[in-house]
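Given the sequences, and given the hints that come with them, work out the whole structure.
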Amino acid sequence: MKARVFVYAVLIAYAVISLYPFALMVSGALKDAAEVRLDGHLIPSNPTLATLAHTWNELHFFTYFGNSLLVTGLTTVGVLIVYSLAGYAFAVLRFPGRRLLYGMFLALLFVPGITMLLPVVILQQKLGLIGTFPGIILPFVNGTAPLSIMLLTNSFRTVPAELKESARCDGAGELRTFWSIYLPIGRPALITIALLTAVPTWNEYVLTRVSLSDASRYTLPLALQNLNSSTAPQENVLMAASLIIVIPVIILFVLLQRYFVNGLQGAVKG
Amino acid sequence: MASRFRSREAWTGYVFVLPAVGLFAVMGLYTVGYGLALSFAQWNGFTPQWTWVGFGNYLDLIYRDPAIAPVVQGAALRTLVVMIAVPVLTVLVGFPLAVALNHITRLRAAFRTVFFLPQVTAGIALFYAWTYALQPDGSLNYILRHLGLGSIAQPQGWLGNPSTALPTLIVVMVLGSVPVAMLLYLTGLQSIDQSVVDAARVDGASGLRTMTAIIWPLLLPITGAVVMLNLRYALQDFQTFLLMTNGGPGGHTLVLGLESYNLAFVSGFKPTLGLSSALGWTLFVVALLLAGINLRVLRSRA
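If you read the protein sequences in the order shown, they are chains V and S.
Using the numbering used here, the first residue of the first sequence is number 1, and each one after it goes up by one.
Using the numbering used here, the first residue of the second sequence is number 271, and each one after it goes up by one.
Warning: the hint list may mix true and false statements.
[Said to hold, decoys possible] Interface residues of chain S toward chain V, partial, derived using beta-carbon atoms under 7 Å:
1. Ala399
2. Phe535
3. Ala557
[As the list claims (entries may be wrong)] Calculated from the model, a selection of chain S residues having no Cβ within reach of chain V, i.e. all distances over 12 Å:
4. Ile338
5. Ala346
6. Val567
Bear in mind the hints are in silico, worked out from the structure with no lab data behind them.
All residues carry an ideal CB built from backbone N, CA and C; glycine is no exception.
Structure (structure tokens):
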């Protein structure tokens with residue numbers, strides 16, 4: 001009995017630490033400009049929704065929200081299309097050079113982001129893509145290659161060969177077999193990858209910061225940083241903006257965490 | 271007939287991997303190769319020509335250039351501290367948490383969800399919230415003072431005091447890395463054969479002894495994976511540093527990744543792009559060495 005109480009006490013203590021920054025976002029977002037400067041009171045004395053409303057409206061959050069959605073959405077769709085095709089080829093089709101290519105993709109896992117960052121920006125300039133959405137979406141898609149290919153190839157390998165054979169006998173071509181047999185079976189893996197792509201893309205800051213310069217194309221993290229570097233950053237506005245960025249991720253995670261958790265386990269085990 | 275079938279399958283294979291390979295060739299191979307070439311040159315990004323310097327950039331970084339080498343050496347030392355502290359603390363926090371979670375049935379899923387939030391939301395918003403908490407008048411100092419722990423409170427702010435800035439950032443990184451470690455340990459704990467644990471109990475082993483003599487050794491491969499993941503993370507991540515302190519105060523939180531970023535993007539017209547590439551490639555080589563050692567260790571266990 002005593003042990004159980006201790007265990008729950010430890011878990012609750014860590015839960016408090018985990019929730020602490022989010023509590024601060026809520027608390028800061030509910031304070032007005034005067035109170036936020038006072039002290040670190042967690043409970044606002046005159047809670048107000050004005051800061052959130054002001055942040056949402058005045059700072060064109062719809063534009064930035066839209067930009068973030070567009071970049072995240074296109075990146076995720078791109079990843080799903082490009083790597084499910086590749087995963088199918090690696091799992092099902094026999095062709096010379098297959099192992100070598102697969103190994104090359106996995107090797108990309110070891111290249112640190114900072115090693116790629118500068119050449120990617122120079123390449124964007126050469127291709128005339130600097131400051132454009134394709135300029136950041138293409139490297140984002142490529143960045144997920146090792147994990148996506150690994151998970152999808154493994155998932156497609158579990159499809160029994162008889163299913164494919166029978167589709168063949170019914171006269172289905174390769175694309176049709178892929179579309180109507182492999183994709184539906186691989187759905188859990190596809191959802192996992194969509195999540196493992198969408199969440200970091202939504203949060204991505206560094207590449208967008210060095211690549212996007214036109215403020216009308218900013219994603220939410222850049223818009224938030226812009227707020228902070230403006231003349232007099234107000235903490236209540238910053239916390240409101242942080243909350244607006246974080247809430248979609250939390251909703252997505254809570255709804256689909258089964259896939260997220262399985263994906264993380266699978267990624268490390270595989 | 272059979273060979274025609276084969277070759278058609280091969281062609282289909284190439285068509286299916288073409289988008290991935292094409293993207294990889296441009297965004298992966300080309301950029302990595304370009305970065306490697308640039309690491310042997312001097313360039314400021316504006317002049318049309320590179321000046322080839324061979325291994326000069328690498329030598330400058332390591333010892334030769336009195337303006338850069340000491341900075342890089344300091345950053346290397348701090349990176350090393352982060353690379354030791356983050357994996358060790360992640361295991362020290364993640365393992366007991368997983369044991370605790372494995373011990374309960376009620377609310378397990380709820381706790382796991384809550385614990386995961388700092389991992390999925392890692393980014394500028396979370397870092398700003400922490401920065402807000404850690405200010406001189408921030409909520410952490412406020413809480414400490416009200417708990418009668420005012421002596422630990424940091425009047426300069428936790429990120430403003432050179433001696434607390436790096437440890438504070440390490441704690442923030444660990445909070446982000448514990449969830450995955452905890453999840454892996456939890457998976458491992460659930461795969462342990464209960465009869466082994468029961469047998470130890472029957473032999474009179476205490477709970478603590480069962481933990482140290484049976485469960486911990488069985489989970490060593492997971493510890494290996496956790497340490498490896500976090501070594502990589504500690505070596506490569508500089509976003510936390512860029513957003514929370516940008517290397518300050520006075521360079522006390524400057525790490526190698528951030529220094530490479532600074533050499534590439536905040537150097538103005540100085541010809542430091544080659545230096546940045548050389549530093550990036552040095553990090554790449556260290557990452558490869560770590561991966562090699564990891565493979566070796568995993569193999570010798572199997």
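Beyond 12 Å from every chain V Cβ - status for Val567/S: About 16 Å separates Val567/S from the closest Cβ of chain V, which puts it past 12 Å; holds.
Satisfaction of the Ala399/S interface hint, Cβ to chain V closer than 7 Å: This hint holds: Ala399/S lies near chain V, its Cβ roughly 4 Å from the closest one there, short of 7 Å.
Given hint Phe535/S near chain V, where the shortest CB pair must fall under 7 Å: Check passed: Cβ of Phe535/S comes within 5 Å of chain V, closer than 7 Å.
Is it the case that Ala346/S keeps its Cβ farther than 12 Å from each residue Cβ in chain V? Check passes; 14 Å lies beyond 12 Å.
Have a go at the Ala557/S hint: is there a Cβ in chain V nearer than 7 Å to its own Cβ? Holds, about 5 Å.
Is the Cβ of Ile338/S farther than 12 Å from every Cβ of chain V? holds (16 Å)
In this structure, every one of the numbered hints holds.
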